[in-house]
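Trainee: As a plain string of letters, each chain reads:
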Amino acid sequence: MIALLIRDMRLAMRAGGGFGLGLAFFLLVAVLVPLGVGPESATLAKIAPGILWVGALLACLLSLDRLFALDFEDGSLDLLVTAPIPLEGVVAIKALAHWAVTGLPLTLVAPVLGILLNLPDAGFYWLVVSLLLGTPALSMIGAFGAALTVGLKRGGLLLSLLVLPLYVPTLIFGAEVVKRGAEGMATSTPLALLAAITAGASALLPFAAAAAIRINLR
Amino acid sequence: MIPDLGKYADAVLGSYAASLGLITALVAWSLWRGARIRRTLAEVEARAAKAKEAKRNV
Amino acid sequence: MSLWEYANPQKFMQLSRRVLPFVAAASVLCLLGGLAWGFFGTPDDYKQGSTVKIIYLHVPAAMMAINAWVMMLAASLVWLIRRHHVSALAAKAAAPVGLTFTLIALATGALWGQPMWGTWWAWDPRLTSFLILALFYLGYMALWQAVDDPDTAADLTGVLCIVGSVFALLSRYAVNFWNQGLHQGASLSLDKEENVADVFWFPLLVCIAGFVLLFLTLVLLRTRTEIRSRRLNALLARERMG
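Residue numbers (this note's numbering), protein chains in the order written: chain Y, 1 to 218; chain V, 1 to 58; chain U, 1 to 242.
By construction, these hints were calculated from the structure, which means they are not laboratory data. Just to be clear, a hint being listed does not mean it is correct.
What the hints assert, rightly or not - Computed, partial: chain V to chain U, Cβ under 7 Å: (1) L13; (2) G14; (3) A18; (4) R33; (5) L41.
Computed from a predicted structure; not experimentally measured. We put the CB at the ideal spot given by N, CA and C, even for glycine.
Please construct the entire structure, taking both the sequences and the accompanying hints into account.
Mentor: Following this line, the structure appears as structure tokens:
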């Protein structure tokens with residue numbers, strides 16, 4: 001399983017797709033929004049938590065369709081299904097690898113973009129914490145969506161349509177943590193709910209995703 | 001005939017028009033698709049029966 | 001003789017052919033009767049004026065929009081557990097109906113909100129949840145469209161329906177939480193049960209019955225079409241095989 005994790009991460013880095021692209025997209029969102037909204041720092045400070053979370057979410061979405069598609073095309077997904085390790089574990093590992101190459105780097109660069117968007121000082125800590133807690137859920141939910149659409153020829157657009165509504169709770173709680181943090185309010189309730197979504201998603205969705213892959217490969 | 005709706009006539013009539021329009025569209029679409037599928041199915045079934053008949057006669 | 005007998009497509013076709021005209025007639029009767037009663041026969045509300053008449057469309061549509069999803073969830077579970085094709089096709093048939101009801105609820109809500117709240121749209125928890133519900137319907141229908149093999153499509157949409165239900169519920173509570181964190185909620189509250197008087201209540205009941213029957217009619221009709229369509233595709237495939 002660890003070998004699989006390392007293999008997936010190395011593939012993602014080398015293929016040049018997911019890794020750099022997601023980060024560049026995140027940066028572009030953070031640059032484009034002030035250009036569209038205007039440079040008033042008070043406005044930017046107000047919307048910064050939401051923009052950063054939506055940007056991270058969309059950047060995460062960008063690389064999802066490669067999660068299983070490459071393995072499906074070259075047939076290694078068939079091998080993984082028949083491998084001695086359970087498919088649920090494979091899905092979880094693949095989601096973890098996806099998180100390690102997108103969610104984690106996004107979390108690390110988010111504070112830098114927070115400066116660009118004039119995020120209040122108190123918000124930086126909560127931005128990192130909420131992204132760290134929330135992005136695993138994004139990867140796991142995304143893995144479920146990718147599993148549903150793995151066999152389809154034009155799955156990319158459909159994948160976004162399926163996954164984005166599922167992202168709603170994560171986005172709401174994540175952005176709420178940062179917003180409350182930036183305003184100096186208590187953050188423990190949304191933070192706990194965000195953590196609950198991540199925990200629930202990583203506990204249950206591997207089963208749903210594995211079921212979807214089995215159906216698709218039947 | 002139509003009761004006096006006061007200044008809100010647009011909202012009320014608009015709601016009824018929009019809802020009935022949507023429902024009519026859905027019903028019409030369902031009926032049209034149902035009729036089309038039924039027609040094609042009848043055609044294909046007749047063709048299949050004929051093919052079976054022909055095979056038996058040979 | 002058990003209920004499961006009707007899971008047999010042929011049995012279902014026979015039964016639905018007999019039942020459908022009655023259900024259709026009853027739904028037309030209830031809908032037209034209830035709406036006419038509500039539109040012509042009820043007084044204006046002292047606060048809302050004539051916009052209170054929108055309630056006869058808005059509330060039943062909103063109710064059925066949610067119930068349609070619940071019905072799809074039940075049908076998906078039956079399909080995934082007992083593998084009855086009729087069940088999967090009924091879930092497929094119900095989705096566009098549910099989406100239409102969701103759109104009606106949103107449209108009438110916007111038209112009512114414009115004079116009453118002074119805005120077409122507010123990010124009120126209920127409104128937001130309905131918008132999200134519409135997105136779920138769209139995704140569900142798109143997945144049915146995208147997958148070629150009917151059994152695979154039924155399986156995948158069934159799994160999506162179950163996972164989607166969990167997330168739809170989560171979203172409902174998340175949205176509640178989110179708006180209370182920003183605004184007061186009470187001024188936009190839609191608590192209708194409290195201030196609905198009997199004059200409005202009875203026609204509303206008839207309209208609700210009408211929407212339930214309309215839903216039933218359309219689902220039966222569309223399920224029949226889906227069953228025929230499946231048989232048609234099977235026959236065409238056999239023809240191509242020679």
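Trainee: If a hint holds in the structure, say so; if it does not, say that too.
Mentor: Do the hints match the structure? See the list:
no. : hint : result
1   : L13  : violated, 9 Å
2   : G14  : holds, 5 Å
3   : A18  : holds, 5 Å
4   : R33  : holds, 6 Å
5   : L41  : holds, 5 Å
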